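Visitor: Protein chains in written order, with the working numbering: chain A, 4 to 232; chain B, 1097 to 1394.
No lab work stands behind these hints, which were simulated from the structure alone.
It is possible that part of the hints are untrue.
As the list claims (entries may be wrong) - From the structure, some residues in chain A lie toward chain B, with a derived Cβ separation under 7 Å:
1) Gly47
2) Ala50
3) Pro51
4) Thr55
5) Ser78
6) Ser118
In this text, all values refer to a predicted model and were calculated from it rather than measured experimentally.
Positions of the beta carbon are idealized from the N, C-alpha and C atoms, including for glycine.
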Amino acid sequence: MPVVDLAKTSLRELNAALQKLGADTNETSWTVLNPSGEHAVAAGVDAPVSITIDGPVGYFCGGMNKHATIVVDGSAGQGVGENMMSGLIHVKGDASQSAGATGRGGLLIVDGNASARCGISMKGIDIVVKGSIGHLSAFMGQSGRMVVFGEAGEALGDSLYEARLYVRGPVAGLGADCIEKAMREEHRAELYRLLEASGEAGTVDVGEFRRYGSARKLYNFNIDNVDAY
Amino acid sequence: MCGIAGLFIKDPTLEPELGRLLAQMTSSLCSRGPDSAGFAIYRDSTPGFSKLTFSAPEGTDIAELAGRLADALGHGTRVATRHTHAVVTLAPQDVARAEDWLAAHAPQATVMSAGNRLEIYKEVGYPDDVAKAFDIAEMAGTHGISHTRMATESAVTTNGAHPFSTGADQCLVHNGSISNHSSLRRELKRDGITIRTENDSEVAAAYLTKKMRDGETLGEALTSSLDDLDGFFTFVVGTENGFSVLRDPIACKPAVMAETDRYVAFASEFKSLTCLPDIATARVWEPKPATVYFWEHA
Chain A
4 MPVVDLAKTS LRELNAALQK LGADTNETSW TVLNPSGEHA VAAGVDAPVS
54 ITIDGPVGYF CGGMNKHATI VVDGSAGQGV GENMMSGLIH VKGDASQSAG
104 ATGRGGLLIV DGNASARCGI SMKGIDIVVK GSIGHLSAFM GQSGRMVVFG
154 EAGEALGDSL YEARLYVRGP VAGLGADCIE KAMREEHRAE LYRLLEASGE
204 AGTVDVGEFR RYGSARKLYN FNIDNVDAY
Chain B
1097 MCGIAGLFIK DPTLEPELGR LLAQMTSSLC SRGPDSAGFA IYRDSTPGFS
1147 KLTFSAPEGT DIAELAGRLA DALGHGTRVA TRHTHAVVTL APQDVARAED
1197 WLAAHAPQAT VMSAGNRLEI YKEVGYPDDV AKAFDIAEMA GTHGISHTRM
1247 ATESAVTTNG AHPFSTGADQ CLVHNGSISN HSSLRRELKR DGITIRTEND
1297 SEVAAAYLTK KMRDGETLGE ALTSSLDDLD GFFTFVVGTE NGFSVLRDPI
1347 ACKPAVMAET DRYVAFASEF KSLTCLPDIA TARVWEPKPA TVYFWEHA
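In isolation and in its complexed conformation, chain B is listed as follows (with noise of 0.2 Å):
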């Protein structure tokens, strides 16, 4: 089943309540995909500096980790846990040491996102639970996109939860089910795209991020997968300035989407929108079957 809520925030005012709002519509999707749950947050960026967010099993003394590997990286690194995650804020050449260092030093560690804003925090358990566990609510941002699942295609695990993040500051969230991932993922992989899990969403974002790599747009990449992706999704992207969606021809998962002058936001369902400022006034809709939307900061 799955559940998916996107929050694109247009007026600047609203940003410090992101977390508070996009932890509520999730909320309301609990029950969808009670198994596990993600967000992902585009917060504020350091100038000159990027971010990595990892995660390592419960039980692992994260900060005594991260710790660790920002002494390993030098100077300048910061260091900063919640929960079963860290974000590391880095020199921007630092990224691929950083990620090498975990690879050997904290095999247990898994790369969630890099990039310039972007947090990823996804964690096994009821929803409601995980949003608490890394305190989501605080959270400010310009966007943010979270999930639900449902496991279909593979296993109830951290790493097999969304959102996926298979290029810098990109990530995506899916509901539905992919059937010819397995092909498309030793093609991608061959083509020098990291995937990590046998999860057929991840397959999903890593497409897009080859086709962008390429030299794509967003746009372009997502209507390229309408050819190329074999099976039933609904999709939210983000980017770091944007934030986009698409359903397959046949729009088999419900998507139902709200815009004021204040912002643009995704649900599955429309009882995610109700916590919304002004939803009464709001134009809502069902976003059309193989119809690329999107929005993106200046």
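For reference, chain A alone in the conformation it holds in the complex (with noise of 0.2 Å):
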């Protein structure tokens, strides 16, 4: 149960520990203390380990993450979880710009909103936001689903492609190419799926969401299309 304060350890030293860990080490449970808003804090971490940060962090906490669970107790700067690989990453305050940017899989929790280009480029990851995102979310977001329990800003799903986005409030506009569509049984399910995995399950209604994805109709280039780009 290693404990590293941060005011008496440097950042490199603990991304270092924790870069070294392999599956199977039994050092599981990790606490860092003091993050005092640093960046990359737990970055590149590839083993089924915990770690909990007891307070804010900066930039890139948890980028690139693989198999690792990663509560951050209090805010997190821009690009949290980005290119995370799997594993988990819960923010229990608020997350800056870029949160799960270019995610490829795992499952981010932010717990209160997310700011502008939330799930910019996602490309598999799920993200669940309890609070409301901002403008340019998932923009040209390939796959994995995004649940938005508040609103969204300007532009939501601009030039998406797969990506699904499930948003309960009000959206203030879409970007190019993305639509509302239809829910159905099987989006019901896939968000009620969602909603268990962020602990929710229950306690929000799934009826409440509305679907948005891409129209597909900016995939590739076509001179009809030139004004839209």
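Once you've looked at the hints, go ahead and assemble the two chains, each given alone in its own frame, into the complex.
Guide: Have a look at this one:
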């Protein structure tokens, strides 16, 4: 049960120790104290360990995460969980812009709000935001699911590919090629599983969400669409 | 990169802490801008008098220079010096005389600000060192703005550091880069606005000064800037009683704000806000793009 106090240990030492852990490590439960908004806390971890960070973190916390469960007991700066591959990142406060950017797998949960460009270029990650998200979220999202309990800002899902977006509150505006789609039974089931995974099954009503996805008109260059580029 | 911090105090009992809190907030932004730093502090005014802050290069005997200026201006002028800067308290009609005197007798000096309450302190160097050299921590005031600079558009000099002041009690700090600053600078100079440097951010300050001179409110001037400034920016702007924030329509540059009953605070990164009282229960949010935020003392 290692406890690392970043007021005493350097961030570089912490990350080196975490990045050295293998799949069979016995040190499976880590606590990080005094993160004080440092950047890249617990980035690049590749082991099934759990890491609790006691306080706010800066940019790219848990970036490239594989297998680890990372809990941030505070807010997270830009790019939390960017390009994560698997595992779980749970931010108990708010997340700044580009949360889960380019993520390829795993689950990112934000208890508060996430700001602009949440899930930009998402490629398989699941993102659950219990508050609202900012403008240009899910821009060019290729796959994965995004669930938002609150509102979405302007240009949601601009140039979207196959990421699926579920938003409960009002959407300020849809981006190019993003449209509202019907919620069928399979989508309600999918959404319920995501709520379950984020500990909210039964606390919010699946029926209150609307689904947004790609109209699939901008996938390939088409001269008829030139005005839309 | 650059870092910005700003603090607008609502509860007067917090005013004595302004400098200490702003210096602390700025300290956590050193890595965003290690080249130079600057502080704009809205301090007490002296009824019937104006204030002019000027700087001179290190090595200049600033007290001697300020003394000569006071002698030239005559009765009632007072001077106080801090590190490389001097604050001159003078009759309002003497501000232009003081500027002329400095231009004629001390061309190495630069006027930082003029107005009733604004004082600007800025210098090249690591931000913590700059704050210490000016003893920012001991300053009381109603609001203040600071900047840590990583230079992109112009040289690392004292005059290239932020904040910029181009009008009485007005100041601006900027994180970003403005592409059409050369053509705008020419137009603004032609319109009679004083611009002292080649820095793009000073042009943004001058643009707002011009718009306000022509009758727009600060809010209207900031809204106009969304059409006329080409580039990316987060601005924090101070006026004698007001404090304003604007991000470009894409919101390229980071910004986070916190508000309680006692203050409104702005920072480039959340860690800069963690030193503030009751931050755990403050309303914290990221300002929306192309949206003017404004607070004012009655």
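Visitor: Does the closest beta carbon of chain B sit nearer than 7 Å to the beta carbon of A:Ser118?
Guide: holds (4 Å)
Visitor: Measuring from the C-beta of A:Ser78 to each C-beta in chain B, is the shortest one below 7 Å?
Guide: holds (6 Å)
Visitor: Is the interface hint satisfied for A:Gly47? The criterion is a beta-carbon contact with chain B at less than 7 Å.
Guide: Not OK, violated: A:Gly47 not within 7 Å of chain B, min 20 Å.
Visitor: Would the stated hint for A:Thr55 survive a check requiring a Cβ distance to chain B of less than 7 Å?
Guide: A:Thr55 check fails; min Cβ-Cβ to chain B is 18 Å, beyond 7 Å.
Visitor: With chain B as the partner, please determine if A:Ala50 meets the hint condition of a C-beta pair closer than 7 Å.
Guide: violated (27 Å)
Visitor: How about A:Pro51: closest beta carbon in chain B under 7 Å, or not?
Guide: Hint violated; A:Pro51 Cβ to chain B Cβ min 29 Å, cut 7 Å.
Of the numbered hints given earlier, the model fails hints 1, 2, 3, 4; all others are met.
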